[in-house]
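Enquirer: Residue numbers (my numbering), protein chains in the order written: chain A, 368 to 702; chain B, 206 to 600.
Simulated from the structure, these hints should not be mistaken for laboratory data. Honestly, I wouldn't trust all of these hints.
Calculated pairs, DSS-like style, for lysine-lysine (alpha carbon to alpha carbon, straight line, at most 30 Å) [claimed, not checked]: (1) K592(A) to K507(B); (2) K630(A) to K596(B); (3) K480(A) to K534(A); (4) K592(A) to K596(B); (5) K380(A) to K507(B).
This one's a predicted model, so the numbers in the text were calculated from it and none came from an experiment.
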Amino acid sequence: MIALDELRDAAAKAFPSGRLTPPRTEGWETIIEMGWLGIELAERDGGLELGREASAAVHYEAGRSLASAPLAVALASLKAVAASPMLADRANWIERLTTGGFVSQPLFPHSVKLANDGMLSGTVSGVPEADMASHVLLQTEGRCDLVPLGDGAVTVIERTTWDPSRKFFDVHLDRYALNPDLVVALDEDALKIREMLSDSLLMAVAADSLGGANAVFTMTVDYLKTRHQFGRPLALFQALKHRVADLKVRLEAADALYWARAKDSSNLTEIGGLKALCSRAYRDVVEEAIQLHGGIGLTGEYPCHLFFKRAMLNCQIGGDADQWDGQVGRELLAL
Amino acid sequence: MTQALDTLRNEIRDWLVSNAPSDWRISASTHEAFVAQQRAWFAKLVEAGFAIPHWPDRWPGGGRSLAAQKVIYEELARADAPRLLLTFVSTYHAFATLQECGSAAQQARYLPAILDGEVWCQGFSEPNAGSDLAAIKTRAWRESRPGGDVYVVEGQKVWSTMAQYADRCLLLVRTSSEGARQAGLTYLLMDMKSPGVSVRPIHQIQGDEEFAEIFLDKVEIPLTERVGDEGAGWAVAQATLASERGLTLMELAYRMRGSMFRIANQVRAAGLADDAGIQRELGRVACDVDAVCALADAFLAKRMDGREAAGDASVVKNAYSRALRSWSDLGLRVAGLAAQYREPITYGELNSGNWMADFMNSYAWTIAGGSEEIQRNIIAERMLGMPREPKEWQL
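The shape of chain B in the complex, shown without the other chains (with noise of 0.2 Å):
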């Protein structure tokens, strides 16, 4: 097993040495070239057989252990390559819902087309249904048409990451305000050409636009595109939601530990390295650092033992969003006014030593996925116990 696990470091290993990409954090300074370079390095994995080790074994580099799928992750995070962002949600969300959801048709019909670089999007979040995602009132109805019924779409969704470069869309809908919230909803997959799609990147304060807009007006998604019984949508997000557990948080804390030399090197071009309260500092972010990383691993640990319990993603999550705030401040207070001048951004980086960039990116990992403040409610009531929330509230 462990030998097994060896070959297969040393054999990524050695691929990386000559596959991975060097330039990218130059070649990436705007976000259409960002987007091709992810393209290609996705191609590149594809073919190598390392994008989709989660996958079933009949897909090609697929079948690998957890255990496997660490090694992976480890090599790209110590080889410094790019990360994986724009196919994502493809190969993690719209895999896994497909997979465990989704019918034979539709498996057959998008999963392939995954491997050759289909984007999917998802859409999830809406303006008034961010932390709360039971309140979606994007709104779908059943309508007649020659070639077969429809859902008719009307809405608006938020916070879909890269939805302007998606192919498809995961997409989750209200068909029924009845009842339980979470029992009106339903679960589709829809075609970003259709018409009435149009989607609007949201500008980040830091210059990137990773997440979009998109708006849905009288948009037509045929019957067969729904994913599980209408109104079990709630049960299907669930499985989109639980695709990726532990192995992003893992590959981001090594990331950034690999990263703690920024800091370093912009406390010696400070002419700071004698400051005996900023090699402190720098220390306990080190410290910080390599125990989200230790984090990280016994939450994976935990997991491929089967002992994963209620909460302890939120504390992988928490643990990992704060100590970023804490680095990304480290080098924003020591390169000083060198980090007020705005220099171009690497997208899609988190540890770039762009400091100003790097602190706004920091606040991503503390709202979005389940912001910190939801994550500590999970924390205390499903971890610790402590009493939910009333539902009812009144003045």
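Next up, chain A with everything else stripped away, as it sits in the complex (with noise of 0.2 Å):
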């Protein structure tokens, strides 16, 4: 059993903090290297079978260094894939997905319908790295299948988005015909594992978020100490100090319930609250690493934007933070 100390030195490593968006290659080959691609896996199934908190601890990590390989989204497809009752070659789905085989999956809402003849149409939005994808892991009603980007069906079309450190794309499907060998899931089955899948992405996104949150909150902290206005070094002056302090209490109270959360069995909107709750600390620290920066946080040669960015598509991964305080609000008002 690795200890988690361990865990998160091997990953502060793998993604140092010094150098931010590494090359998504890159990053990726460290993942498989390292063996994180079965971090969560069974160990009947040949994974380290470690539990979210490792997961964590990777997610986190790979945000402070703004990392762009797709760990969160081969995590969650992987285990989409572990828990199917009935994929054809289901071992060796796992094989290939644990040596770096990559399955994408939408991280929004889309509007794909199944027709009466069996045939997929529609479109998917939001769908990340799918140009290292082989596959999509599509969920429609009552139904988890896996469907082949290659397929004469299926269009894929890169969106640029405003996050540098991530590449979208649309999916668009013209009467695709579902192949039986590839179905995940079904009804009771694909239910639950579009539970876990939720659970998987938003606990990553949290992670990711604090981690990113933290780098960013330490950049600004060291440039308050070493940039000089008025014959003083910024972080001098109390209205500043105050402001870094507000921000750090922010980013500790989330890191708390992150871990405490991580370590029980929390329900999904539990998860979706501790979501909602990291992502906006990471939007509040970074909308604040900005303005504490002054004009040199405003170009594009320094990093505060690459955090900024990547924390306002965070916000929107996986349900916003006004969704999720809506349901938490909705739940504790029907006890």
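Given two chains presented individually in distinct reference frames, assemble the corresponding complex, making use of the accompanying hints.
Expert: Rendered as structure tokens:
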């Protein structure tokens, strides 16, 4: 059993915070080399079976360095495949997805519908890193399928996002015929997998947010200590100290809630609330980071904007804060 | 270890079922009734061995680990039992001061009396020494008396919790104005019945009287009542202030979480349960409150492992006090006009559902015990290593 601290150290080395936005291929190779694709996978399937605290530690470090390798999506897809009660060649799929094969999946609701004749049509927006994926894992009403991106009925179009650390794609399906060998789950099983994938993605985005928020926070405090105006470091001005201290309180609270919920068996609403809290903290920290950096924070040469753009996108992935806060509130009112 | 904690948890949980007062909110509607209730509840907890888990094991119910102490406070919060306010300074501040710095004679005299219900208050802050505690001006000088030398004390103390009910006071005075400000302070134990002591309760904006002013008019205190050396008062005061690290905030955070239902009830009563905006705000406050609970837990876990760092306690305090403000603010807004009609308050309660009172009381936590601004300085300077303010300033 690898200790969490060791894993954290290994992840910190793999994604050094001094080197932001490492190339995607490089990060992906590291992930494969370290065996992190099997981090949560059961031992009987050849995985490390380390649980979500462990994968969180890696997502956190990836977030610190603004890594673009799609680890969160890869892990979620692998989970779905591993949990599939009916996928033909399941063992082969697991082997493939732990050694570098990649299946993407949409991070947002989509409009794909299953017609009566068994054909899928519609558009899926927000499919990350589809250019390196062989398939996309698609959840439609009552089912979950692997859709090959090379199929003639499937078109993939890149959409440029403001966040340069990620690549998003639209996937158009025009009467795609479902392949019985690529069915992952149906009905109840599909619902279970849907919930599991949400949990996995929300935890990953929350950890990524905390990692990024902490990195840009440290950068900002260092900048305030270094930059002089009026013959003194900016860090001496109490007005700025207090703003920074408030951010620190936000970050520590989000961090504490994250590790508490990673440990216990929180339900999906609790995880959603956590993701709302962490991504909002990221956004608020990074907004302040730009303001506290002053003019240089608005330049493309300085990395503040990279964190800013990633934070904004994180806020949207897996449901935004409004959606999850509302859900937490409704459940409280229903008690 | 875990098993022993589970046993303790079950033990106190069972005990609370049959012993925790359930009507305390209603019966604490006058300050006198509140104080009587506090005394009775403390006596009960002492008898059951749950009042002083942090004292050494020669005391009944003492010698418990921090983890065990945490279990006790978690269960007290869970059972919604009254919080011990009246005896808080006695069992934490007075105890820690005497234990660490008091003479054997002082310990033998005062510690057992605390368990019998003797109430202590703290005489540190002054009208011109609040956040800047080293600015204390209350003077003490020595004079000879037939029965032995005494310190004669003159000055004024303020923000003393429950001083109007206190038997004794932990008193910080200035015995010298030479050299560094901290070096001129001396720590004394004062009998509140001494001639020259007068106490005036402070009327708080929400109608409580949790604090008092203490006026000292040539009060004589025997030299034997000094803790530590003359001029060592600042160091002794640190022992007092460090006596309680994290348990109270954890207990308070848990109580706030246990009170989320009050806002939910208020939302339903106001017919706003389907209001999407209110649902979001409620969810957001709930997440913030959960985060404060997790933060308080994490802080105690750090302490148990000896990993506490400078500023950690300040982070927990500011997170709690801000969450408490949001908690009471949401209830207040949802309640609307209803909350503007003055209803009797429950003394010593932070999460009562009397929204104006709760909201006003939440300021006690952003101001008392080191204001939010002082905590921000501590976080920025000691935790984040930002440079300290220059000591001297000129126009």
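Enquirer: Let me make sure I understand: some of the numbered hints might not hold for this structure. Which ones are they, in numerical order?
Expert: 2
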